[in-house]
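Undergrad: Next come the chains, spelled out residue by residue.
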Amino acid sequence: MHSKPLYKAVAFCTTAFLFIGLSAQDDTTSSMLDEDPVKSEKVQNSFKTTKVINLQSVEVTDAGVFDFKINHRFGPVNSGAYNMFGLDAASVRIGGEYGVIPNLMVGAGRSSIEKTVDGYFKYRMMHQTSDNKKPLGILLFGGVAYRNVNFTFPVTSMERLAYTAQLILGRKFSENFSLVVSPSLVHYNLGKNEFSNTQYALGLGMRQKLTKRTTLNLEYIPVFGEHGSYHNSISVGFDIETGGHVFQLHFTNSTGNNESNFIARTDGDWKTGGVRFGFNISRVFTFVDPSRFKNNSY
Amino acid sequence: MNIRFGFLTMIMALAAIPLNAQVYKTSTGTVKFYSHTTVEDINATNSTVAAALNTATGAVEFSVSINSFQFKKALMQKHFQENYMESGKFPKSTFKGTVEKNSAVNYKKDGTYSVNVKGKLTIHGQTKDVTIPGKIIVKGGKITLTADGKDFKVKPADYKIKIPANNAAQIAEEIEVSVNCELSKK
Numbered sequence: 112m113h114s115k116p117l118y119k120a121v122a123f124c125t126t127a128f129l130f131i132g133l134s135a136q137d138d139t140t141s142s143m144l145d146e147d148p149v150k151s152e153k154v155q156n157s158f159k160t161t162k163v164i165n166l167q168s169v170e171v172t173d174a175g176v177f178d179f180k181i182n183h184r185f186g187p188v189n190s191g192a193y194n195m196f197g198l199d200a201a202s203v204r205i206g207g208e209y210g211v212i213p214n215l216m217v218g219a220g221r222s223s224i225e226k227t228v229d230g231y232f233k234y235r236m237m238h239q240t241s242d243n244k245k246p247l248g249i250l251l252f253g254g255v256a257y258r259n260v261n262f263t264f265p266v267t268s269m270e271r272l273a274y275t276a277q278l279i280l281g282r283k284f285s286e287n288f289s290l291v292v293s294p295s296l297v298h299y300n301l302g303k304n305e306f307s308n309t310q311y312a313l314g315l316g317m318r319q320k321l322t323k324r325t326t327l328n329l330e331y332i333p334v335f336g337e338h339g340s341y342h343n344s345i346s347v348g349f350d351i352e353t354g355g356h357v358f359q360l361h362f363t364n365s366t367g368n369n370e371s372n373f374i375a376r377t378d379g380d381w382k383t384g385g386v387r388f389g390f391n392i393s394r395v396f397t398f399v400d401p402s403r404f405k406n407n408s409y
Numbered sequence: 047m048n049i050r051f052g053f054l055t056m057i058m059a060l061a062a063i064p065l066n067a068q069v070y071k072t073s074t075g076t077v078k079f080y081s082h083t084t085v086e087d088i089n090a091t092n093s094t095v096a097a098a099l100n101t102a103t104g105a106v107e108f109s110v111s112i113n114s115f116q117f118k119k120a121l122m123q124k125h126f127q128e129n130y131m132e133s134g135k136f137p138k139s140t141f142k143g144t145v146e147k148n149s150a151v152n153y154k155k156d157g158t159y160s161v162n163v164k165g166k167l168t169i170h171g172q173t174k175d176v177t178i179p180g181k182i183i184v185k186g187g188k189i190t191l192t193a194d195g196k197d198f199k200v201k202p203a204d205y206k207i208k209i210p211a212n213n214a215a216q217i218a219e220e221i222e223v224s225v226n227c228e229l230s231k232k
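Chains as they are written, first to last, in this note's numbering: chain A, 112 to 409; chain B, 47 to 232.
Please note: incorrect hints may appear among the correct ones.
What the hints assert, rightly or not - Okay, derived cross-link-like pairs now, DSSO-like style, lysine-lysine, Cα gap no bigger than 30 Å in a straight line: (1) A/320 - B/154; (2) B/166 - A/323; (3) A/320 - B/181; (4) A/245 - B/138; (5) B/138 - A/244; (6) A/150 - B/119; (7) B/174 - A/323; (8) A/153 - B/154; (9) A/245 - B/166; (10) B/135 - A/245; (11) B/201 - A/323; (12) A/150 - B/199; (13) A/323 - B/199; (14) A/320 - B/206.
As the list claims (entries may be wrong) - Chain B side only, calculated, beta carbon under 7 Å to chain A, not exhaustive: (15) 94; (16) 111; (17) 118; (18) 119; (19) 194; (20) 197.
Since the hints were made in silico from the structure, they are not lab data. Every residue, glycine too, gets a C-beta built ideally from N, C-alpha and C.
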């Protein structure tokens, strides 16, 4: 049997705990809420726009939103002072992207380089979540480009086509740092004899936020295997966000703005100054109220 | 000895039962805000608000996920999250306070009571003492807490939410916040 004083001590302690429990109701550190409203969320804003520089980012144009894109590359810096270090020349792509449903966008555009018309889709299969149960964003990209330029030899319509397939793996590591790794395949129906029509490459892109509205972006796209006199695409640039616009200013050795061109057919060489100043402008217009889409993923 | 021990347990049990019974809760409350300027009106709605009220003590508590505010434009929502509220750093806003003159509210009888709720509002990592005029509506065993945007205004500047000069014309200096949370006994 317990001794009486021990019993009293137990009773006292229990009563004391009870009162602490009662008074804790007004304590600001305790909570009556058993559910935290911040549950696992889809990670947003990994990049400022759908492109890192040339490469696709893990962002998908939101459903019901149209993103008007102008991609502009000047001439090569090594073209000399007479050409104002490239500023006298221009290669432009005008295009747009539209978010059809959440996680699916389609895009189209026309580039002055080789008078190319291109079309593509990007689909998000998995969205990175804040609880890291889904540590990556996984997206699929498919694109086709039609070169309308007059060739010096006869070509069929089929031969003018080039295709790109890309798996985009991306992760936002912190509020400031995001990375994409994109195994890519490019196939030209019309090839050059000295190397394969099908090229494999790995797109690597990152962004580091400098301020809330500006970021530093880097991009490197090594191509595996023989690809003739072409070089691997290397780009460095900045994103500047101003309200509805995102301005991307960069230096790149790629001239083309569609995937088949800049992945497999980059002709500039950084070592000899074959680099161009360029910019992308992105301007979004909302056409459909997002509440019209169920499970919207913004 | 056993009888006394049993008696103590009974007291504990009696004390514990009303404690739980007095707490009303929801996790699907609504908070809206409205920013009015001559250039642009901005509306956003959040319907996943967690709220609780202890009818015995008048203690109230709200917790709001910043990323759950839905806007009319996706880009606005992104800017709200990333540039203004910095939801990566500050994922939620909270309010903890007490209903003033709680004893004047008869929670057992249907009716509408105008009350002031005094407490600490935390937004963007900044905590301020505020008094919010609102209503407690008791109906059919449920308690609804409401605040009208005309009475409950929040100044972004008070919570160190920086608005760049470029956007100052689009965003009101005072944001009207309205609350509607129906709580039930849990």
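Undergrad: For each hint, tell me whether it holds in the structure or not.
TA: How the hints compare with the structure:
The straight-line distance between the Cα atoms of residue 320 of chain A and residue 154 of chain B is roughly 55 Å, outside the 30 Å bound, and the hint therefore fails. Using a Cα cut-off of 30 Å, the hinted pair residue 166 of chain B and residue 323 of chain A holds, with the two alpha carbons roughly 28 Å apart. For the suggested pair residue 320 of chain A and residue 181 of chain B, the alpha carbons sit about 44 Å apart, so the restraint of at most 30 Å is broken. For the given pair, residue 245 of chain A sits about 22 Å from residue 138 of chain B by alpha-carbon distance, which is consistent with the 30 Å threshold.
Simply put, residue 138 of chain B and residue 244 of chain A have alpha-carbon atoms about 21 Å apart, close enough for the 30 Å limit, and the pair holds. With a C-alpha separation of about 23 Å, the suggested pairing of residue 150 of chain A with residue 119 of chain B holds against the 30 Å cut-off. Proposed proximity of residue 174 of chain B and residue 323 of chain A is supported: the alpha carbons are some 25 Å apart, at most 30 Å. A C-alpha spacing of about 42 Å is found between residue 153 of chain A and residue 154 of chain B, which places the hinted pair above 30 Å, so the restraint is violated.
Distance restraint check for residue 245 of chain A and residue 166 of chain B: the Cα-Cα separation of roughly 35 Å exceeds the 30 Å cut-off, and the hinted pair is therefore not satisfied. For the given pair, residue 135 of chain B sits about 20 Å from residue 245 of chain A by alpha-carbon distance, which is consistent with the 30 Å threshold. With a CA separation close to 21 Å, the supplied pair residue 201 of chain B and residue 323 of chain A stays within the 30 Å bound. A hinted pair counts as satisfied when its Cα atoms are at most 30 Å apart, and residue 150 of chain A with residue 199 of chain B qualifies at roughly 27 Å.
A threshold of 30 Å between alpha carbons decides the hint, and for residue 323 of chain A with residue 199 of chain B the separation of about 26 Å falls inside it, so the pair holds. For the proposed pair residue 320 of chain A and residue 206 of chain B, the alpha carbon gap of about 20 Å is at most 30 Å, so the pair holds. This hint holds: residue 94 of chain B has a C-beta 5 Å from the nearest C-beta of chain A, less than the 7 Å allowed. Using the Cβ-Cβ criterion of 7 Å, the hint placing residue 111 of chain B at the interface with chain A is satisfied: the shortest such distance is roughly 4 Å.
Here the hint on residue 118 of chain B is kept, as its CB sits about 6 Å from the closest CB of chain A, short of 7 Å. About 4 Å separates the beta-carbon of residue 119 of chain B from the nearest beta-carbon of chain A, less than 7 Å, and the hint is met. About 22 Å separates the beta-carbon of residue 194 of chain B from the nearest beta-carbon of chain A, more than 7 Å, and the hint is not met. The closest approach between the C-beta of residue 197 of chain B and any C-beta of chain A is roughly 23 Å, which is over the 7 Å cut-off, so the hint fails.
The earlier numbered hints that this structure contradicts are 1, 3, 8, 9, 19 and 20.
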